[in-house]
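Line by line, the protein sequences give chains A and B. Residue numbering for the first sequence follows the numbering used here, beginning at 1 and increasing consecutively. Residue numbering for the second sequence follows the numbering used here, beginning at 1001 and increasing consecutively.
Incorrect hints may appear among the rest.
Going by beta-carbon spacing under 8 Å, a handful of chain B positions derived as facing chain A [what the hints assert, rightly or not]:
| no. | residue |
| --- | --- |
| 1 | Lys1016 |
| 2 | Asn1017 |
| 3 | Glu1308 |
| 4 | Glu1312 |
| 5 | Ile1315 |
| 6 | Lys1317 |
| 7 | Ala1318 |
| 8 | Leu1319 |
| 9 | Gly1320 |
| 10 | Ala1321 |
| 11 | Thr1322 |
| 12 | Pro1323 |
| 13 | Pro1402 |
| 14 | Ile1403 |
| 15 | Leu1406 |
Using 30 Å as the maximum straight-line C-alpha spacing, the simulated DSBU-like pairs for lysine-lysine come out as follows [what the hints assert, rightly or not]:
| no. | chain 1 | residue 1 | chain 2 | residue 2 |
| --- | --- | --- | --- | --- |
| 16 | B | Lys1324 | A | Lys86 |
| 17 | A | Lys138 | B | Lys1311 |
| 18 | B | Lys1016 | B | Lys1084 |
| 19 | A | Lys126 | B | Lys1135 |
| 20 | B | Lys1118 | B | Lys1092 |
| 21 | B | Lys1084 | A | Lys85 |
| 22 | B | Lys1401 | A | Lys86 |
| 23 | A | Lys85 | B | Lys1401 |
| 24 | A | Lys218 | A | Lys93 |
| 25 | B | Lys1401 | A | Lys108 |
| 26 | B | Lys1401 | A | Lys25 |
| 27 | B | Lys1395 | A | Lys25 |
| 28 | B | Lys1016 | A | Lys124 |
| 29 | B | Lys1098 | B | Lys1147 |
| 30 | A | Lys80 | B | Lys1395 |
| 31 | B | Lys1076 | A | Lys86 |
| 32 | B | Lys1307 | A | Lys146 |
From chain A, some residues computed to sit far from chain B (all C-beta separations above 10 Å) [what the hints assert, rightly or not]:
| no. | residue |
| --- | --- |
| 33 | Glu40 |
| 34 | Glu84 |
| 35 | Ala168 |
Simulated from the structure, these hints should not be mistaken for lab results. The beta carbon of each residue, even a glycine, is placed where N, CA and C say it ideally should be.
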Amino acid sequence: MLVINQYINQMLEIKKLHKSYPIGKDSLHVLKGIDLSVKEGELVAIMGSSGSGKSTLLNIIGMLDEADDGEYVLDEMPIKNLNEKKAAVYRNKFLGFIFQSFNLISYKNAVENVSLPLYYQGLKRKERHEKAMFHLGKVGLKDWAKHLPNELSGGQKQRVAIARALAAEPKLLLADEPTGALDTTTSYEIMDFIQELNDEGKTILIVTHEEDIANMCKRIVRLKDGVIMEDTFVNQVRASQYV
Amino acid sequence: MFDLDLWREIFQSISKNKLRSLLSGFTVSFAILLFTLLFGIANGLENTFNSFFKDDAQNSIFIQSGRTTKPFRGYKTGRKIQFKNEDFDYLKNDFGDKVQYITSRVYKSLAASYKNEKNNYQIRAVHPDHQYLEKTLVYEGRYISAKDLQEQSKVVVIGRLVEEDLFAKTVATGKYINLGGIQYKVVGVYRDDGGDNEERMIYMPISTAQMIYGNNDYVDQINLTYNPAMDYDEALSFSNLITKKLKDRFNISPKDQRAVRVRNMAEASKGVNQMTSVLGILILVIGMGTLIAGVVGIANIMIFVVKERTKELGIRKALGATPKSIVRMIMLESVLVTAIAGYFGLLVGMGALELIGDSLKDYFITNPNVSTNLIVGATITLIIAGAIAGYVPAKRAARIKPIIALRDE
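From just these sequences and the hints, can you work out the full model?
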């Protein structure tokens, strides 16, 4: 059981978050007042069936989408009235994304993919390369730096994607079904790696619908029909025992 | 500001997506190729038309005489009108500064020989002004002078091809040639842009010809140029005035079209100028149409390219690309592809004109080419076109929401 220390930083604070999408004349109320706070160093699984609003929530947290109503504070900074440019800068500085389908750029090799967020941070080419190589090394793919994504296995691709998410040194890592496209063994490898990152102190949010993956997190938030049904701290299952 | 990293990104995007870049480039190359060929050929046609008029001064008026076809003031039809020196003097002196240069001509055809070389040539006996009317370029010695006329000197100025025929490779100036049994001193050799026939002529003082070949003061033709300050309408009314005065002088019916014929080059050159400018406008319209088709083509392809790259652009935005940086990237890529492809098309077009240019003489196309101005203009047009073609899809790309772009299929 995680010891909740009140002196630990609040990483994420969400209050009464609402979001609806227009469908023809009607509108679909996807998030119906979400309250969620995440402290620094947490590893949270967001679960729910499709249509429960879990991806919408992640998109709002990731500033890929904007809430209709409610408060969102990221590391003591209120996120509101985002224009496109501001959102881009915040995403670049504070957030790292890991996607189900990896979303690597196909014509760029591994190290170039990892460098991309650093390019948008305005770093010099040499510095970018050094940092990217460092993070590739962290995911154990230093020798694969010059390979294009289609020369890598699924697990390797996801590790490149993780290295890319880490490269910008974000406050918060957001993973949308990070193991959705991988087989069980590879999934556990990735989860093992995510757990290691969390051990080092990274705050990580994972959207998943797989129970075993969720149980490898420290906290599970269950969504149903746009509201939080359950929010529990769990005994973390270490992925390393399966690898 | 030159952003090396941005250019690296763009170069990578172009070179790693060869087929896409090639397809978009091809449209532009083709459009510019057509544009270049069209302009080259139009210029070739214009060159041909201009060369027709290079021979003579464009403000020339030619006056010839014939036989009357209508009875007038008691004279019968069929009367031969013969110009004489006094008519030349009348035209020269009575019209003041309206006449710029004036000359009479007497035509003869004579056998010429030098040593063993012999040939028949057209002889033109003229006044010194003839040089300016005919745009004769003396490159050796001198032309007929006023003094020659006064002294009725036996001197001639021969064409470049006459010198070639009779004197082989030696210099003709200073030597004597035999024209119909009489020795003439060659005082000059000339060139003429009017073609080979013009360079197979022999010029001599009109007074000399009149004395030797007829012992009269007859004149076959009078040529003059009007004051170049006159505009087209003034030039036309001037030649009409000459016609009227001459008809009155020779008692010719004003309705007689044959007895005195006055030909004004202004009419002919105006026609040709009009035709060339109409042709130019036509070519410009077609050329612009081709260019616009090229721009539309690349705009279409850029829209497709942006669609194809939706996911990549979504990833870039999720990683922190601002809308501005997306617009800049797409636009610069478009400009670069357009500029390179367009330049390629231009080079191919110029090469093609160079290669086939000489074989098009039979189709009234002389030396087809495109000017430096046109090249610079076309290049600038291309860059602007590329920017326009890239802007709309780039703007659209920048508006793509990353969540939509990243949605898994």
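Taking the hints in turn, this is what the structure says about them:
A hinted interface residue such as Lys1016 (chain B) counts as satisfied when its beta carbon comes closer than 8 Å to some beta carbon of chain A; here the least separation is about 4 Å, so the hint holds. Among the interface hints, the one on Asn1017 (chain B) holds; its C-beta lies about 6 Å from the nearest C-beta in chain A, closer than the 8 Å criterion. Interface restraint check for Glu1308 (chain B): the shortest CB-CB distance to chain A comes to about 11 Å, outside 8 Å, so the restraint is violated. For Glu1312 (chain B), the suggested interface contact is upheld, since its CB lies about 5 Å from the closest CB of chain A, less than 8 Å.
Proximity of Ile1315 (chain B) to chain A holds as hinted, the smallest CB-CB distance being about 5 Å (cut-off 8 Å). This hint holds: Lys1317 (chain B) has a C-beta 6 Å from the nearest C-beta of chain A, less than the 8 Å allowed. The criterion of a C-beta within 8 Å of any C-beta in chain A is met by Ala1318 (chain B), whose closest approach is roughly 5 Å, and the hint holds. A hinted interface residue such as Leu1319 (chain B) counts as satisfied when its beta carbon comes closer than 8 Å to some beta carbon of chain A; here the least separation is about 4 Å, so the hint holds.
At about 2 Å, the closest approach between the beta carbon of Gly1320 (chain B) and any beta carbon in chain A falls short of 8 Å, and the interface hint on this residue holds. Because the smallest distance between the Cβ of Ala1321 (chain B) and any Cβ of chain A comes to about 5 Å, under 8 Å, the interface hint for this residue holds. Below 8 Å, beta-carbon pairs count as interface contacts, and Thr1322 (chain B) has one with chain A at about 4 Å; its hint therefore holds. Among the interface hints, the one on Pro1323 (chain B) holds; its C-beta lies about 5 Å from the nearest C-beta in chain A, closer than the 8 Å criterion.
The beta carbon of Pro1402 (chain B) is positioned within 8 Å of a beta carbon in chain A (closest approach about 5 Å), and the interface hint is therefore held. Satisfaction of the interface hint for Ile1403 (chain B) is found here, the shortest Cβ-Cβ separation to chain A being roughly 5 Å, below the 8 Å cut-off. Below 8 Å, beta-carbon pairs count as interface contacts, and Leu1406 (chain B) has one with chain A at about 6 Å; its hint therefore holds. The suggested pairing of Lys1324 (chain B) with Lys86 (chain A) holds, with an alpha-carbon distance near 12 Å, which does not exceed 30 Å.
Of the supplied pair hints, the one linking Lys138 (chain A) and Lys1311 (chain B) holds, its CA atoms being roughly 27 Å apart against a limit of 30 Å. Distance hint between Lys1016 (chain B) and Lys1084 (chain B) is unfulfilled; the C-alpha atoms sit about 84 Å from each other, more than 30 Å. Taking the CA atoms of Lys126 (chain A) and Lys1135 (chain B), the gap is near 70 Å; set against the 30 Å cutoff, the hint is violated. Distance check on the hinted pair: Lys1118 (chain B) and Lys1092 (chain B) sit about 38 Å apart at the alpha-carbon level, beyond 30 Å; violated.
Note on Lys1084 (chain B) and Lys85 (chain A): the hinted pairing is violated, with a Cα-Cα distance of about 92 Å set against a maximum of 30 Å. Between Lys1401 (chain B) and Lys86 (chain A) the alpha-carbon distance is near 14 Å, which keeps this suggested pair within the 30 Å criterion. Our distance criterion of 30 Å between C-alpha atoms is met by Lys85 (chain A) and Lys1401 (chain B), whose separation comes to about 12 Å. For the proposed pair Lys218 (chain A) and Lys93 (chain A), the alpha carbon gap of about 25 Å is at most 30 Å, so the pair holds.
A distance of roughly 22 Å separates the Cα atoms of Lys1401 (chain B) and Lys108 (chain A); the hinted pair therefore holds under the 30 Å criterion. A C-alpha spacing of about 22 Å is found between Lys1401 (chain B) and Lys25 (chain A), which places the hinted pair at or below 30 Å, so the restraint holds. Between Lys1395 (chain B) and Lys25 (chain A) the alpha-carbon distance is near 29 Å, which keeps this suggested pair within the 30 Å criterion. Restraint check for Lys1016 (chain B) and Lys124 (chain A): satisfied, since their Cα atoms lie roughly 22 Å apart, inside the 30 Å limit.
Distance hint between Lys1098 (chain B) and Lys1147 (chain B) is fulfilled; the C-alpha atoms sit about 25 Å from each other, no more than 30 Å. Straight-line distance between C-alpha atoms of Lys80 (chain A) and Lys1395 (chain B) comes to about 24 Å, which keeps the hinted pair within the 30 Å bound. A C-alpha spacing of about 103 Å is found between Lys1076 (chain B) and Lys86 (chain A), which places the hinted pair above 30 Å, so the restraint is violated. Simply put, Lys1307 (chain B) and Lys146 (chain A) have alpha-carbon atoms about 27 Å apart, close enough for the 30 Å limit, and the pair holds.
At roughly 22 Å, the least C-beta separation between Glu40 (chain A) and chain B is larger than 10 Å, which holds for a residue marked as non-interface. Listed as outside the interface, Glu84 (chain A) is inconsistent with that label: its C-beta sits roughly 5 Å from the nearest C-beta of chain B, within the 10 Å cut-off. The beta carbon of Ala168 (chain A) sits about 7 Å from the closest Cβ of chain B, which is not more than 10 Å, so the claim that it is off the interface is violated.
The earlier numbered hints that this structure contradicts are 3, 18, 19, 20, 21, 31, 34, 35.
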